Amino acid sequence: MQLITTNKDKCNLSYTCIRVCPAKAIKIKDNYAHIIANRCIGCGNCVTMCAQNAIEYRNEEDYVMELLKRDERVVAICDPSISGEFDDINDYRNFVGMIRELGFDYVVEAAFGADLVAYKYKELFNNFHGKYYLSTKCPALVNHVERYYPDLVDNLAPIVNPIIAMAKVVREKYGKDVKIVSLSPCVASKDDVKFFNKSDGEIQAVLSFVELRKLFKEKGVTETRVEFSEFDPPFARIGGLFPVSHGLFQAAEIDNSMLRGNIISTEGRNNFLRSLEEFQRNSDLNQHLDLFYCDGCIMGHGTSKGGRKFSRRSQVVRYVRKRLKTFDELQWQKEIDAYQHIDLTRKFSIKDNRLPIPTEKEVQEVLDKMGKGKIEDQLGCGSCGYETCRKFAEATVQGIAKFEQCSSVTIKNMNAYIKKLGETNEKLIQTEVALKESEAQAKEEHRMAVEASETTSAMLQKLPTGVVIVDEDLKIIESNNSFVNLLGEETKLLNEIIPGLVDADLTKVIPFYRLFSTVLMNGEDILKKDVHFGSRLFNVSVFTIKKNKVVGGIIRDLYAPEVRTEEVIGRARDVIKENLQTVQQIAFLLGESASKTEKILTSIIKSHSKEE
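Okay, so the sequence shown: first residue is 1 according to full-length UniProt numbering, each after it adds one.
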């Protein structure tokens, strides 16, 4: 399982984790900070700095509790910085009792392992033959050098860290079959111990101090419920100082003074990175480097958040000083001599994860896209997580950074978006005004249409002639009272239920509905068609209102007195008109005939007169 992971549901893309990651092992992917496993050195800096608690390291509480339930002996190795973490416990013997209460069979201090390791460093530094070393007690340092400074792998001191040294001692003293759990402030050690699987330095699990506190709380273990208990031997001398800068070398009385010593000790992320750069580049440094990634193990990222560095340092020093008051020097020396034969050497390997260095052209293209093509524009505010704009551009080319991480680019894009949004908003305001005007106009037109419809309907009802309007399915849209009255009592009763016969089927109302169907189909009006309806005679005109969709019909009862008189007069007029046209045609023909006769007779007379 990966050591450090992100809960994507909690990530708010603040880029804080990217800014503090020394290995640049974090990139934004699928809208959350994604940990790149093979680049991660396990320092845990991102875990501590994430305000959303979105980044977590691998939890081993359940595995440890399962281990404690087995029928096997389990040993807890306590890192010396534990006295700085648990300053809320009054007596270290209470603390040892609390650990035993969880189910551990033995509780030992890693400080004795630090004593052994310190003497190995003393031997190495006294016989270094001009080759300078990097101390390897910090797992994060080892990971960083193996991945990003492969040229310095050979300079890593070939010595195990104090925890592994103590694991080797434990197996020799308490048996090869014991299971070991390390209680550590270091997140990186959770993976570092895997290097020693199937060896006498094997450690089954690593519990951070935060995880240990959680177990105490879950199991209800407090110092008031346990008895005093002393650590199991062997006991340390000054090795308990190794979590503090310079502490390890004091355990072996290595001269670390500025004038006589040849060791540079430093701590913290920035000093850690710069010292490695200088160690690699400057051949005139001529000193060993003793490095902590954190501000000493007392501030490891497996400790509780908010811890005070100097307070913790004081607690550690105070504890070692207290132990020395009753220290048995002879017994300690016997045990140191007894374990001198243990192999505390370690090998390292190159795991080069450096990314290809981008070309100048590629970097410049990115800077140009960011609007930072000029040197004066490359401010290097650091908000993206990179020291300079150029470093950010390189990371972008390498695929581990994105443009949106740059605050100036984001602000520029945001301003452009705000401007565009303002223009869009202005258009929306104008559109809203136009819509309101259109809405008012539509309301007015609707009102007028309603009034016109009501007026038309009122006028329609006043007409003495039957009127009906139907749709393409021959469903009645509207009809007037005259139409209803023409069709008899049954239709009148239906009209009382459905005023205006709206939506009634015309085919069920009149037998001459085909006239309407014909006009709907061909769009040609049918005017003044006489049809029989029972004992009555109707004159029907059907006309198009909306072609192939809506037609209207006008129906008159030719037997109605007022219609009969009108119809007789109308038809008489038609007859007179037709007769007049006929007389005119006859007169025309007669006129032509008389003219011809006159011409013939005149011709005969003239001819006869000439003969006479």
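These are computed hints drawn from the structure, not numbers from a lab.
Check the hints yourself; a few may be wrong.
[Said to hold, decoys possible] Pairs of lysine-lysine residues, derived as DSS-like cross-links and limited to a Cα-Cα distance of at most 30 Å, are as follows:
hint, residue 1, residue 2
1, Lys24, Lys462
2, Lys322, Lys334
3, Lys412, Lys361
4, Lys122, Lys361
5, Lys322, Lys475
6, Lys27, Lys508
7, Lys351, Lys8
8, Lys374, Lys420
9, Lys10, Lys24
10, Lys29, Lys309
11, Lys419, Lys402
12, Lys122, Lys173
13, Lys120, Lys194
14, Lys69, Lys309
15, Lys69, Lys120
16, Lys69, Lys176
17, Lys29, Lys420
18, Lys443, Lys122
19, Lys347, Lys176
20, Lys369, Lys8
21, Lys374, Lys391
22, Lys361, Lys325
23, Lys194, Lys179
24, Lys305, Lys369
25, Lys122, Lys309
26, Lys351, Lys325
27, Lys427, Lys475
28, Lys8, Lys402
29, Lys120, Lys443
30, Lys420, Lys24
31, Lys194, Lys391
[Claimed, not checked] Per label pair, the in silico range of CB-to-CB distance:
hint, residue 1, residue 2, range
32, Glu61, Glu426, 54 to 60 Å
33, Ala416, Lys305, 35 to 41 Å
34, Lys347, Gly306, 54 to 60 Å
35, Lys176, Lys10, 22 to 28 Å
36, His246, Asp200, 26 to 32 Å
37, Arg281, Pro356, 19 to 25 Å
38, Ala416, Gly220, 54 to 60 Å
39, Met49, His246, 37 to 43 Å
40, Lys334, Ser304, 22 to 28 Å
Since the model is a prediction, treat every value here as computed from it, not as a measurement.
Just so you know, even glycine gets a beta-carbon here, dropped at the ideal spot from N, CA and C.
Here's how the hints hold up against the structure:
For the hint pairing Lys24 with Lys462, the CA-to-CA distance comes to about 90 Å; that exceeds 30 Å, so the pair is violated. Between Lys322 and Lys334 the alpha-carbon distance is near 21 Å, which keeps this suggested pair within the 30 Å criterion. Only pairs whose Cα atoms come within 30 Å are accepted, and Lys412 paired with Lys361 is accepted, the gap being roughly 24 Å. For a cut-off of 30 Å, the pair hint linking Lys122 to Lys361 is broken: about 50 Å separates their Cα positions.
A threshold of 30 Å between alpha carbons decides the hint, and for Lys322 with Lys475 the separation of about 106 Å lies outside it, so the pair is violated. Between Lys27 and Lys508 the CA atoms are separated by roughly 77 Å; this puts the pair beyond 30 Å, and the hint is violated. Restraint check for Lys351 and Lys8: satisfied, since their Cα atoms lie roughly 28 Å apart, inside the 30 Å limit. For the given pair, Lys374 sits about 26 Å from Lys420 by alpha-carbon distance, which is consistent with the 30 Å threshold.
Between Lys10 and Lys24 the alpha-carbon distance is near 21 Å, which keeps this suggested pair within the 30 Å criterion. Proximity of Lys29 to Lys309 is assessed by CA-CA distance (about 35 Å); at most 30 Å being required, the pair is judged violated. Proposed proximity of Lys419 and Lys402 is supported: the alpha carbons are some 23 Å apart, at most 30 Å. For the hint pairing Lys122 with Lys173, the CA-to-CA distance comes to about 25 Å; that is within 30 Å, so the pair holds.
About 22 Å separates the Cα atoms of Lys120 and Lys194, which keeps this hinted pair within 30 Å; it holds. Distance hint between Lys69 and Lys309 is unfulfilled; the C-alpha atoms sit about 36 Å from each other, more than 30 Å. A distance of roughly 37 Å separates the Cα atoms of Lys69 and Lys120; the hinted pair therefore is violated under the 30 Å criterion. Of the pairs offered as hints, the one joining Lys69 and Lys176 holds, with about 19 Å between alpha carbons and a cut-off of 30 Å not exceeded.
This hinted pair checks out: Lys29 and Lys420 have alpha carbons roughly 28 Å apart, not beyond 30 Å. Proximity of Lys443 to Lys122 is assessed by CA-CA distance (about 97 Å); at most 30 Å being required, the pair is judged violated. Between Lys347 and Lys176 the alpha-carbon distance is near 22 Å, which keeps this suggested pair within the 30 Å criterion. At roughly 29 Å between alpha-carbon atoms, Lys369 and Lys8 fall within 30 Å of each other, so this suggested pair holds.
The hinted pair formed by Lys374 and Lys391 meets the criterion: a straight-line CA distance of about 15 Å does not exceed 30 Å. Between Lys361 and Lys325, the direct Cα distance comes to roughly 66 Å. Violation of the 30 Å bound is thereby established for this hinted pair. With a C-alpha separation of about 14 Å, the suggested pair Lys194 and Lys179 falls inside the 30 Å cut-off, and the hint holds. Among the hinted pairs, Lys305 with Lys369 is inconsistent with the structure: their alpha-carbon atoms are about 40 Å apart, more than 30 Å.
For the hint pairing Lys122 with Lys309, the CA-to-CA distance comes to about 28 Å; that is within 30 Å, so the pair holds. For the given pair, Lys351 sits about 46 Å from Lys325 by alpha-carbon distance, which is inconsistent with the 30 Å threshold. The straight-line distance between the Cα atoms of Lys427 and Lys475 is roughly 46 Å, outside the 30 Å bound, and the hint therefore fails. Of the pairs offered as hints, the one joining Lys8 and Lys402 holds, with about 18 Å between alpha carbons and a cut-off of 30 Å not exceeded.
Distance hint between Lys120 and Lys443 is unfulfilled; the C-alpha atoms sit about 96 Å from each other, more than 30 Å. Taking the CA atoms of Lys420 and Lys24, the gap is about 35 Å. The hint is violated against a cut of 30 Å. Between the alpha carbons of Lys194 and Lys391 the distance comes to roughly 34 Å, so the proposed pair goes past 30 Å and is violated. For the hinted restraint 54 to 60 Å between Glu61 and Glu426, the CB-CB distance of approximately 59 Å keeps it satisfied.
Distance hint check: the CB atoms of Ala416 and Lys305 are about 39 Å apart, consistent with the given range 35 to 41 Å. Remark: the range hint 54 to 60 Å for Lys347 to Gly306 is contradicted by a beta-carbon distance near 38 Å. The hinted window of 22 to 28 Å between Lys176 and Lys10 is violated, with their beta carbons roughly 43 Å apart. A hinted range of 26 to 32 Å holds for the C-beta pair His246 and Asp200, which are about 30 Å apart.
The beta-carbon spacing between Arg281 and Pro356, approximately 20 Å, falls within the hinted interval of 19 to 25 Å. At about 59 Å, the beta-carbon gap between Ala416 and Gly220 stays in the expected band of 54 to 60 Å. Restraint check, Met49 to His246: a C-beta distance of roughly 27 Å breaks the suggested window 37 to 43 Å. As the Cβ distance of Lys334 to Ser304 is approximately 37 Å, the hint placing it in 22 to 28 Å is violated.
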